[in-house]
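Since the structure of chain G is already known, use the hints to place chain P on it.
The listed protein sequences derive, respectively, from chains G and P. Each residue of the first sequence is one higher than the one before, starting from 1 at the first, in the numbering used here. Each residue of the second sequence is one higher than the one before, starting from 1 at the first, in the numbering used here.
Hints were generated in silico from the structure; no laboratory data involved.
Derived list of chain G stretches under chain P, where covered just means 3 residues or more per stretch with a C-beta under 8 Å from a C-beta of chain P:
| hint | stretch |
| --- | --- |
| 1 | 20-31 |
| 2 | 34-48 |
| 3 | 52-63 |
| 4 | 132-146 |
| 5 | 165-171 |
Bear in mind the structure is a predicted one, so any value in this text is a computation, not a measurement. Even glycine gets a Cβ: it sits at the ideal position worked out from N, Cα and C.
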Amino acid sequence: MSFFAFKRNKTSSSSVIKDMNRKQKRYESLVNVYSADLYRYAFWVCRDSEVAQDLVQETCLRAWKSIDNLLDDKSAKAWLFTILRRENARRFERKQLSLVDIDDYEIAAEEDTSPYDKELIRQKIDTLPIDYKEPLLLQLIAGFTAEEIAEQLDLNKNTVLTRLFRAKNLLKSNLKVEIDNNGEAHG
Amino acid sequence: MDDILFRHTAIATPNDKNEEFLKRAANSECAQKLVSEAKEFDQLLKDSLDVKVPNDLAGKILLEQSFAIEHDKTMSNRWHIAIAASIAFIIGLSLPMLKSGIAPNESFDATENAIVSTPAPHADIGSVALQHVQKEYFLTAKVNEQASIQNVNVKLARYGGTAKPGLGNIYFVNYCSFEGSSALHMILEGEKGRVTVFVVPDDAGFEPSAEFSNQHFKGISEHVGKANVVIVGEQDEPLNKMKEKLAKTIKWDI
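This is chain G alone, in the form it adopts within the complex (with noise of 0.2 Å):
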């Protein structure tokens, strides 16, 4: 028996006590600074306020119990969208996810100062292909440069580049938004 008191007072010792609590203290700014963002990122993807809830809370436990594999607080972000897209990647192996009422959506609220319909650009954000709306919304909400979404989704640059452009140019062209930047632009 004494075996296990001897293991027990180990563990309660005054060093890693004060290990643990530093560790709490930067998973807890990790899920302030980052959780909104991240829930953001999932809501768009999964479009649904509660699964994206689900996978953001999924997301920081798994982050939790790997914190001691985050060397470098600057890759924390980045990490973090990684561990977020393999549980979305996961919860499609589960099962296909039925679309969602694009009215459903609740919106922040908003000053309407733009001439562009917002209801209008969300569904044709959401009506792009994947392979153009997820280093969009990398870009936008997670505000990735182009090296880490790259990084990210595991392709070159220019690729990346590419289809940032394509992805814009697609929602202007959609959205009959014409913009007077030929020509000069280039001289």
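Relative to chain G, chain P alone:
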């Protein structure tokens, strides 16, 4: 940087910090216009994608994590107990055998010894509750799910209770691991601050304790229906008021 690459970059990543791109953008008014229009379009898309994040998402995530830690701990504690029980069992079995080999008459005594070494009885409900509240204090102090009475009833039903409106603010309601048994964990608004209420099923087998406290918290517990209701608050909280409120609003199956 040629024209096509510049145009692609401007539209795809107008915030690119690449020196060549920046130089090229500063080159002509038209180039600047292209970049600023692309930035505007990006901002428009960003605004469109800005969905409302659920209230206190971070708090919920941290709470979930604390449950996971608690669960892991309970599991590892059980592992110790399981090993200890196995060893006790083996000793219990082998001692009489050994002894019977040497002196058959003494085997009865040895069996009795083995029975004496069974595990200690269950912990008392009060100290488990205090420990639980203290451990999760930093989380529960922040969480606010604004749960409805329906949320409470869905979870309370399992313990044979039905609540009617009048509980006041419900900051949190969910199942939790109460030293390994599944209990209901509610955080309600008290007179002075937050009050934690546990509903612990009888079959969890804790030692009852009507009143308990430590340097930070105090608590009371009461047996109702097929469960124990444990109320824990800070030292200056009038817990009996909460007890009366619960008695008025929750009906328990007998």
